[in-house]
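With these hints in hand, go ahead and build the complete structure from the sequences.
Number of protein chains: 2
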Amino acid sequence: MKLATLKSGNRDGRLVVVSKDLSRCVAVPDLAATMQGVLDNWEAVSPKLSEIAQKLENDTSFGEKFDESATHSPLPRAYQWADGSAYVNHVELVRRARGAEMPPSFWTDPLMYQGGSDSFLAPHDPIRVADEAYGIDMEGEIAVIVDDVPMGANLEQARAAIRLIMIANDVSLRGLIPGELGKGFGFFHGKPSSAFSPVAVTPEELGDAWDGAKLNLPLLIDYNGAPFGKANAGIDMTFDFGELIAHAAKTRPLCAGSIIGSGTVSNKLDDGPGKSITEGGDGYSCIAEIRMIETINSGKPVTPFMKFGDTVRIEMKDANGASIFGAIDQKVEKYTPTDA
Amino acid sequence: MKLATLKSGNRDGRLVVVSKDLSRCVAVPDLAATMQGVLDNWEAVSPKLSEIAQKLENDTSFGEKFDESATHSPLPRAYQWADGSAYVNHVELVRRARGAEMPPSFWTDPLMYQGGSDSFLAPHDPIRVADEAYGIDMEGEIAVIVDDVPMGANLEQARAAIRLIMIANDVSLRGLIPGELGKGFGFFHGKPSSAFSPVAVTPEELGDAWDGAKLNLPLLIDYNGAPFGKANAGIDMTFDFGELIAHAAKTRPLCAGSIIGSGTVSNKLDDGPGKSITEGGDGYSCIAEIRMIETINSGKPVTPFMKFGDTVRIEMKDANGASIFGAIDQKVEKYTPTDA
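First to last, the sequence lines map onto chains S and Y.
Quick note: the first sequence uses the numbering used here, first residue 1, plus one each step.
Quick note: the second sequence uses the numbering used here, first residue 1001, plus one each step.
Covered stretches of chain S, going by a simulated chain Y footprint (3 or more residues, C-beta under 8 Å):
| # | stretch |
| --- | --- |
| 1 | 78 to 89 |
| 2 | 107 to 114 |
| 3 | 129 to 137 |
| 4 | 173 to 187 |
Worth flagging that the hints you see were computed from the coordinates, not collected in a lab.
Every residue gets a Cβ at the ideal spot worked out from N, C-alpha and C, and that includes glycine.
The following block contains the structure:
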């Protein structure tokens, strides 16, 4: 089953069931008005939504045209966005680039930060930033939405709580992060609003590509229209979603609708740093990573961060080349505060 | 106007308007079913709620009995909980106790962490923790709920967005924090579910005690039935709520219903560390602070963190000694995960 949220006159948008090929959709106001409404009552509502989804597949005249650009993020606002850093390769490169050792515990104890979840960007919304000097970067990620998870959940409970899967752009302001992390309280300004894919899908929609806790497909990142990354989300993921969810729930329960992220997808190459796509590698899911590799190789970064007018497209395709989640497709724009 | 959320069969509870003396309340399903519903539409709904509040004052036979112990936190779950550390005295003591200098920028650039907001405790709910070794502590704080705040809001916009004021217990697990902060991504396990006061009040309800961005009254902390703290929330607050809100909104907008916290209320005494109430001082709003002062004075902490069975009560009284927000009243209990 594929679900999306269309922009509408209210803050939480309008829930729609979407056809597998993303061509048509149908609103279901009698079953659930919003995505959070479904998640609050998944067991009761989801079987009925599945019936609608089946009808969309059986009857190609059923439903209205689905327009990705009219969507909100599936949850326009959520009660939780907890983002892991499961591709430890990426974390190790960050450290190597600044000449620091990574603590060995990072291979066994997940890194995770509490993100802001009150104001997500729609997948085709611009990324508005006040200043290019903030160091604007994309981070291509996988994210899951969970049902209620009890405090202290074990891995089995954690995996069983995964209800929906999305892809994400965890927008990052690299220029603000070092100072912010130096203060010791984690990210705040360095992580502005994130965006999620137009469509969220249930695990069974992914077939064999979903192993219960990992998604074994390349995450396609196009930067200014050219291929920039195609790292496989199932490779080098040190902590799977079960482990990330259990980590998040160690000292408190997670409310249905909580979103757990994988962190930037990152693949090694021959056990070392990856290569760009133009050099025959799988590229990168964020600009920071190529800059770290440039720093390791030549002493300093060469690739600049994003400028106003730059675009990023993040998508994932199935074995037949069809888009699974629709595309995150965003342009960076200058933001000017108003005094009004 | 005073508002509360009664526990009910659903996740977001049932909104009620509460009389000033906290004796009676009335549900307003025709105006708004939930607290978030009011905040989503404050301008339209709040004048009507004010009329109900006025009726509660004028007619003492109107409404049902208000029972603090039947309340959720005003927002049982919220889209954002961003907690500052505005009483820099507290931060300086933390540093001094471990022999570290506090960066001078901490006096001008607020510390703030993104907290979990999906699963708050009700104000009379137990604090359930798996292990006493986690170092269980209370943190008595002031918190505000804001309306929509645009990205890059100035101080005037930030202050004007304050809709409701509460007191809070930002439960902290001190034993988990040093290791967690050492990982560099901020708090996660060290900050389990927070609790907020039974009642949230509008600024005008506080009269002269509210100066537009600070609350000039003592925050009363009772620990195991004995007075433990009475620090004045208006004193030594280096960053007022306008500054905290503007800080939170620097790189992203804040959605209506976002909660911004002050951090542990902490007062200096004669420009030095405070004294306990039994020694004639104003005491502390968390156990960590007395432990830091013990460490500074005698090389090691003496007061233990909370044990299973310990209780904490957090309240604030007006000039006439009447409770403004009702009391947070919690007992620490052992939590045992279930495999079911």
